[in-house]
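Protein chains: 2
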Amino acid sequence: MGRLKQILIGKPISSADEHHQRLSKKIALPVFASDAISSTAYAVDEIMVVILLQAKVGPTAFRSVFPIAIVVAVLLAIVAMSYRQTIHAYPSGGGAYIVSRENLGEVPSLVAGASLLVDYILTVAVSVAGGVLAIRTAFQLDHSWAVPLCVACVVLMTVVNLRGVKESGAAFAGPTYFYILMVLILIGTGLYRILIQHVGPIPEKILSTDAAELSKQTGSLGLYMLARAFSSGAVALSGVEAISNGVPAFKKPEAKNASTTLTWMATILGGCFLGVAYLASRLRPYRADTDGNGLGLLGEYLFGGRNVLFWMLMIATFAVLILAANTAYADFPRLSSIIARDGFLPRQFFNRGARLVFSNGVLFLAGVATLLIVVFNGDISALIPLYAFGVFTGFTLSQTGMVVHHFKEREPHWQIGAVINAIGALATGAIALIVVVSKFTEGAWIPAALIPIMVLVFKSIGRHYAKSQAAVVAAPDYRAPRETHTMVVLVGGLNKSVLHGLTYAKSLNPDRLMAVTVVSDDEERKELERQWAAYGIDIDLHAVYSPYRELAKPILAFIDELDAEQEGDIITVIIPELVTSWKTQWLHNSSALTLKAKLLYRPHTVVVSVPTHMAETGDITF
Amino acid sequence: MGRLKQILIGKPISSADEHHQRLSKKIALPVFASDAISSTAYAVDEIMVVILLQAKVGPTAFRSVFPIAIVVAVLLAIVAMSYRQTIHAYPSGGGAYIVSRENLGEVPSLVAGASLLVDYILTVAVSVAGGVLAIRTAFQLDHSWAVPLCVACVVLMTVVNLRGVKESGAAFAGPTYFYILMVLILIGTGLYRILIQHVGPIPEKILSTDAAELSKQTGSLGLYMLARAFSSGAVALSGVEAISNGVPAFKKPEAKNASTTLTWMATILGGCFLGVAYLASRLRPYRADTDGNGLGLLGEYLFGGRNVLFWMLMIATFAVLILAANTAYADFPRLSSIIARDGFLPRQFFNRGARLVFSNGVLFLAGVATLLIVVFNGDISALIPLYAFGVFTGFTLSQTGMVVHHFKEREPHWQIGAVINAIGALATGAIALIVVVSKFTEGAWIPAALIPIMVLVFKSIGRHYAKSQAAVVAAPDYRAPRETHTMVVLVGGLNKSVLHGLTYAKSLNPDRLMAVTVVSDDEERKELERQWAAYGIDIDLHAVYSPYRELAKPILAFIDELDAEQEGDIITVIIPELVTSWKTQWLHNSSALTLKAKLLYRPHTVVVSVPTHMAETGDITF
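From first to last, the protein sequence lines are chains A and B.
Using this note's numbering, read the first sequence as starting at 457 and increasing by one per residue.
Using this note's numbering, read the second sequence as starting at 457 and increasing by one per residue.
Calculated from the structure, these hints are not laboratory results.
Treat the hints loosely; a few may be bogus.
[To be verified] Straight-line C-alpha distance at most 30 Å; calculated DSBU-like pairs for lysine-lysine: (1) A:Lys923 / B:Lys1052; (2) B:Lys923 / B:Lys1039; (3) B:Lys481 / A:Lys1039.
[What the hints assert, rightly or not] Ranges of calculated distance between the beta carbons of each label pair, as one might list FRET restraints: (4) B:Gly948 / A:Pro704: 26 to 36 Å; (5) B:Tyr1057 / A:Asp996: 24 to 34 Å; (6) A:Asp994 / B:Phe863: 50 to 60 Å; (7) B:Glu1017 / A:Glu939: 40 to 50 Å; (8) A:Tyr1001 / B:Asp967: 37 to 47 Å; (9) A:Lys707 / B:Asp1075: 53 to 63 Å; (10) B:Arg935 / A:Val929: 44 to 54 Å; (11) A:Asp994 / B:Glu1017: 43 to 53 Å; (12) A:Leu1056 / B:Gly1074: 51 to 61 Å.
[Stated by the list, open to error] Partner residues are not named here, just some residues of chain A that face chain B (Cβ under 10 Å, in silico): (13) Gly760; (14) Asn763; (15) Val764; (16) Leu765; (17) Asn807; (18) Trp901; (19) Ala936; (20) Arg938; (21) Tyr1057; (22) His1069; (23) Ile1076; (24) Phe1078.
Cβ coordinates follow ideal geometry from the N, Cα and C atoms, glycine included.
Only chain A is shown next, with the shape it has when bound in the complex:
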């Protein structure tokens, strides 16, 4: 087991290795922006899916893509400006959870925390589904490949992350810049071919027959459909908050560098998004079966076939989306460990594994993301409605927290900051509302129901930890109420293991010491008593008859009687056990397990397993 774990997970990492290397802006950009920028690979597609699949409209509807994209871009600008405020206010890192906790109180912070956790899980599911879609577009694999490839990616990322990733900037820089470059080449080629060469839309033969038929229809979009399309496009903003969480990782002056990087990121994201949307509105890269990556269709058309440029574009898309998913592998465990440290999640999320990784968080994230991928059949369009609500709830709480922050701090020019954040809060809050209303039945109800439930769970865990912590608080003069000892050794027969248990108990010189055995009849008792004498054991042996042929109940009854005899002592039940190896241990002591479980909840009762070890060879040690 240990070896297998080491092969999969690697050797333990020492804390000393965990040095933080400060990031330059050029490196910080890809590290923090892969999530946000990668959304350009699917956000435009998702706008088109809504427009074309759900409205009986013709090709004129493609014209709506670009205006919708402009609204998204404006929203992006607002959110980016808002987060610049956060960066300056929280140079030590201001995620939505922390900003809400410090400014809005416990419940809002838990809502923000739940939203972000949901958001991170969906980042994995959506990004992996998007990355796999790019690969499937490149290799022309049908939808039956979606789930297996997605699950393979998740498993691979999980193993890599359990090994612990050194967040090496270079590893991030390559794919992200490569992707940005490829998208810019695509947009440049597109603009040239549209504006100079005057190419028309992608011929219908590339599209499926459904889409071809659709193109004969005419009609326009209602406001509701526009809202739905916009809700899908708004997922492009997911990940914009990443930089504000990571300010301390920047080179000095941290806040200024982070804030500049945020501006760069927003500009690149906005530019790529608008560019792709413009190409899409003109070239209509839409397949009615929705099973194909829009960038891929554009690339194939604009680059003149499935050539080197097309393949590079698809590989870059895959790489940046996997990187984006990977950021959630860092963010989810980190946030869940913070929430666990604050006492609202089980401590298991706060314990690090052997390689400094919050292993439980990684495994939980991977498990839920896999579940989502399987349930939604690896279909990105089915996952998108679940995604945006969490993202925008987080934004809203974070920005609202910032407004409160400005009012509390009243730093120079705080009014400007407050206005910016208020606009951000209002805008993102409105979007959250639009998303949940317009996509409710398609899946937005899931996060809308899940987040409150998660908050209730957080609260009840928090209450339990608070209560248990308060219960054990001790003043320096506190003295334990019980100090005398009654020891009971559980005896089955006479062998080395039992003799070790008896010796252990006797050598501790308890105030009272006795052995107890469970027998089904007198004959059994007499035989054991005979042996007891033969072995010359000077400890009282009590025989308990078991009318139920059970161990736990009669022993518990015996202990209850014993307990009643004397006040103020601690009863220690000593169970001699033969310990073999993890392969065969389950063959032993099974009947003692129930007893142990029941004794665990008995006050002033301590259970001690005294192990006798048996090696593979049959040699025993004590």
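Following the hints, complete the assembly by docking chain B onto the known chain A.
Using the frame of chain A, we list chain B on its own:
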């Protein structure tokens, strides 16, 4: 939990209630024969399935049903005569496992044991599938009802059997005699209508179109097909051995009464089987979709419609098959407990539950039977090929053992007994061979592969138990090698729970006592040392730095060092724990679990959890 268990399982039964009531022959017959006699409900159908589904033959092939049935009946007579010998030789109960163990040795007995366990599991699966088929025939439910109804029956029987069934003879007598009566009425009606009224075969309109088409073909069966059909019919013999297991339950003289009852049973079984086979060969009650009970078709036709008699026949069929399945619920746990007592199965199968039931055996049986039902889609014809091999392997070993027994005992007229058993052994051995060859690809390979694997598992469990038992054997002058104590209390911070742990350790006056804490830096250590002084604790506190931010490794390293310092002492690691309730316990002490698991395998190391109990109210007790 306890309450839910009690509602489902009932109150514990005292051993005193477990009085064996001796059975008269009239009651013993239904108690032991329901399994064997119930097979008349499907064995004839299964012969027809093979003949008609797998051979391109016409209605003349139905003529083969009766001759095949006669061969099965002859076989039945041989097996019954053989088992009469067993009854007299083993008046205390002679199952195949015991007879093989006493006469043939360990491996044959394990083969017999494995065969019987497989047999019992299939008894449940096949009988339940057959019972549900009767119900579906009565209520005209399609095949989609099969699995849900079967699983519901298994769940119900499992709950009933976990409650513990008083094997009340009356409960068995009713359905079994009712079934025998209904089958006799059916046969009587059939003979009257065929021989006196000269009715012809069931008109084709009742049959499906496939069967109607089949009826236009002509052709006869090859030898191989006859062997296959016979292999299916031979399952009628399953359960014949039941009486020989239960001799001690009979009124005195036990062996004589049991032997008479066996003759009755064989006569009734043989008579019913031949009667139904004769009706089938004349009336052709066959539906090509195989989804309908042959007795039901015969009943509907002979009784003149779906009237009261038809319904009574179907209900009786269902009842007797469920009873038959229920016998396996007694046999499987009993046999697995005997094998476990002999050390070839985990002891978990030997421990009885609160209601004197071998609960683990019951649950295991139910689990595997359910799996079979689901995998084989509740289809009795798919399960039959798996069934007969185990049955006949058990017969063969049991009869071979009896031959050896006669040679060893040389009781009066032993030669006659030996000849009878030798014929039995040869006949059943030949059938086992025919079954496995003729049905290999349809499923007979499963028991043929499984039984040897089970024997290997039994052997390896047996070796492990033997080795571990030998390792702990102690002479009366054996003395445990270690008697001095080093105690280490694991300390996280200072609270009541930890103070209780320290008090517990100190009051035991070990030879060496110290506390150990894991810290990540000097600051943490100094803070704890400050508190240590403030609380006036006079126990040495050792701080261990955890470079891996882990608990288990540094503590283990600390204990290794400590262990090296002094020879011959036992190291007791005391872990103070807060115990809440089973609902919230998992929120606590998670990081100590890994440590405990690792310490379990460390020699001369004892782990003691000293619990401090917290009530729902937040009050604590120690």
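Whether the CB-CB distance between Gly948 (chain B) and Pro704 (chain A) falls inside 26 to 36 Å: holds (29 Å)
Satisfaction of the His1069 (chain A) interface hint, Cβ to chain B closer than 10 Å: holds (5 Å)
Interface hint compliance - Ala936 (chain A) to chain B, C-beta minimum distance less than 10 Å: Ala936 (chain A) check passes; min Cβ-Cβ to chain B is 4 Å, inside 10 Å.
Straight-line alpha-carbon gap Lys923 (chain B) to Lys1039 (chain B), limit 30 Å: Answer violated: Lys923 (chain B) to Lys1039 (chain B) is near 40 Å, above 30 Å.
Proposed proximity, Lys1052 (chain B) with Lys923 (chain A) (alpha carbon, max 30 Å): holds (26 Å)
Hint check for Val929 (chain A) and Arg935 (chain B) - Cβ pair distance inside 44 to 54 Å: holds (46 Å)
Asp967 (chain B) and Tyr1001 (chain A) - C-beta distance against the hinted 37 to 47 Å: holds (38 Å)
Minimum beta-carbon distance criterion (10 Å), Phe1078 (chain A) to chain B: holds (6 Å)
Supplied contact hint for Arg938 (chain A), tested at 10 Å Cβ to chain B: holds (6 Å)
Chain B contact restraint on Ile1076 (chain A) - CB to CB distance below 10 Å: Holds: closest Cβ of chain B sits about 5 Å from Ile1076 (chain A), inside 10 Å.
Minimum beta-carbon distance criterion (10 Å), Asn807 (chain A) to chain B: Status holds, d = 5 Å.
C-beta pair Glu1017 (chain B), Glu939 (chain A): status relative to the range 40 to 50 Å that was hinted: Given range 40 to 50 Å: violated, Cβ gap about 30 Å.
Consistency with the previously given hints fails for numbers 2, 3, 7, 11, 12, 13, 14, 15, 16 and 18, ordered from lowest to highest.
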